[in-house]
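Put chain B on the given structure of chain A with help from the hints.
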Amino acid sequence: MSRVLVTTLALLLALAANAPAKTPIKLKLGDVAPQFVRGDLQGHPFDLKAQRGRIVLIDFWASWCPPCIVAIPHLSQLQKKYGARGFQVVGVSMDDSANTTKETMKKIRFNYPVVLGDAKLGNLYGGVLGLPQQFLIGADGKILAIRSGAFEPTALDKGIAAALKKIGPS
Amino acid sequence: MRLAILTHLLTILLLAPLTASAAPGDALTIPAAVQIQPAELAAMLKAGDTPPILQVGFSVMYQQAHIPNSQYAGPGNKDDGLLNLKSHADLLPRDKLVVIYCGCCPWEKCPNIAAAYKQLIGMGFTKVRVLYLASNFGADWVDKGYPVTRGG
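First to last, the protein sequences are chains A and B. If you use the numbering used here, the first sequence corresponds to residues 7 to 176, in order. If you use the numbering used here, the second sequence corresponds to residues 7 to 158, in order.
Next up, chain A with everything else stripped away, as it sits in the complex (with noise of 0.2 Å):
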C-alpha cells in the first residue's frame, strides 16, 4: 500500500516538474497587488502587507539598467520629501546576484529598503521583461499606477503627492 503511495507521489511530483510554467496573469489598475515577502540587503525584514495603509512604490530595477540608475537619486528624494507622510519606495533588485546588487549600493545611496528579485518575483507581477518598471500601490493596497519605461520624475512625484492626499492631510 505504502509503495504505491510512494510510486503515485514520485508519479505527481515528476509530471509536475515537467509541466509547462504557468502564464503569469497581467496586472491591472485597481489590482490588489500580489504580496511579497522578503529580507532587504540592508537586513531586515520587508512585508508588502505591513505597509497597509501607506501609499508604495515598487521599482524593479537593475544594476545593469541605466535608466534605472538614473532614478534612483529622485526615487531617494521622494522618500525623503514623503516619507514622513505615509510613502514608502521598495527597491526590486532584478540583478543575477546579491553581490552585484551590494555593490551598486555601496556606490549609491539608498534610503529605502531593497529587496533581492528574481523571476518568481518578476512572475508574480505579470512578468517583469524590461526595465525600469514600477508599480505604485495605494493605502488600499491596489494598483494606482503601473510605469515601464523613461522615468519621469515629475509625473511620479505628482501621482505620489495626489494619493497621499486621500490619506491624510499634507
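Some hints could be false.
SDA-like, lysine to any residue: derived pairs with alpha carbons at most 20 Å apart [what the hints assert, rightly or not]: (1) A:Lys172 <-> A:Ser154; (2) A:Lys113 <-> B:Lys150; (3) A:Lys126 <-> B:Gly158; (4) A:Lys28 <-> B:Lys150.
Under 8 Å between C-beta atoms, here's a sample of chain B residues computed to sit facing chain A [unchecked claim]: (5) Val66; (6) Gln70; (7) Asn83.
Simulated from the structure, these hints should not be mistaken for laboratory data. Here a beta-carbon is modelled for each residue, glycine too, at the ideal position from N, C-alpha and C.
The following block gives chain B in isolation, referenced to the frame of chain A:
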C-alpha cells in the same frame, strides 16, 4: 533645478564603472540592415524556419520568458557573459544565419546587445541578425502575442 542637474551628473559618473564592458547607447551603432523586426522573426518561427537564437541579456529575464528554443548566452555586458556567448557560438556555422536578442531595457540603453553583436562579427559570423526590441522584450514581443517559453 541645479540640485537635480547635479544629481543627474553624479549618477552618470557613478554609473560609468557599472557598465564597463559596453557603454549604453552602443546599440545605436548596430546597422539597420542587420536588424530584424519582431514580426519578421515571429513569421519565421511560425513557418518552422527557425535559425539559432541566442538571448544575450540577463538570466533573470530569460528565466521568466524567452523565445522558444533560444539559448541563454549572456550577459553581453560582462566578460564572462561574452565567454558564454562564445561557447554557444563556437558550435554554430559561421556562414549561417544566427539571431541575437536582449530586450532588457529600451534599445538605445541596452548594455548587452552591441557587445554581443561585435563579438559574433569578430568571430567571423557573416549572417548575424539582431532582433530590434524598441522598448523591451515584454512590450515588443510577449505583449504582441508572439510565442514564448516560460521558465528557465
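Going through the hints against the structure:
For the hint linking Lys172 of chain A to Ser154 of chain A, the alpha-carbon distance of about 24 Å lies beyond 20 Å, and the restraint is violated. With a CA separation close to 37 Å, the supplied pair Lys113 of chain A and Lys150 of chain B exceeds the 20 Å bound. Taking the CA atoms of Lys126 of chain A and Gly158 of chain B, the gap is near 11 Å; set against the 20 Å cutoff, the hint holds. A threshold of 20 Å between alpha carbons decides the hint, and for Lys28 of chain A with Lys150 of chain B the separation of about 18 Å falls inside it, so the pair holds.
For Val66 of chain B, the interface hint holds, since its Cβ comes within 8 Å of a Cβ in chain A; the closest pair sits about 5 Å apart. With 8 Å as the threshold, the beta carbon of Gln70 of chain B comes within range of chain A, its nearest partner Cβ sitting at about 5 Å, so the hint holds. At its closest, the beta carbon of Asn83 of chain B sits 6 Å from a beta carbon of chain A; the interface hint therefore holds under the 8 Å criterion.
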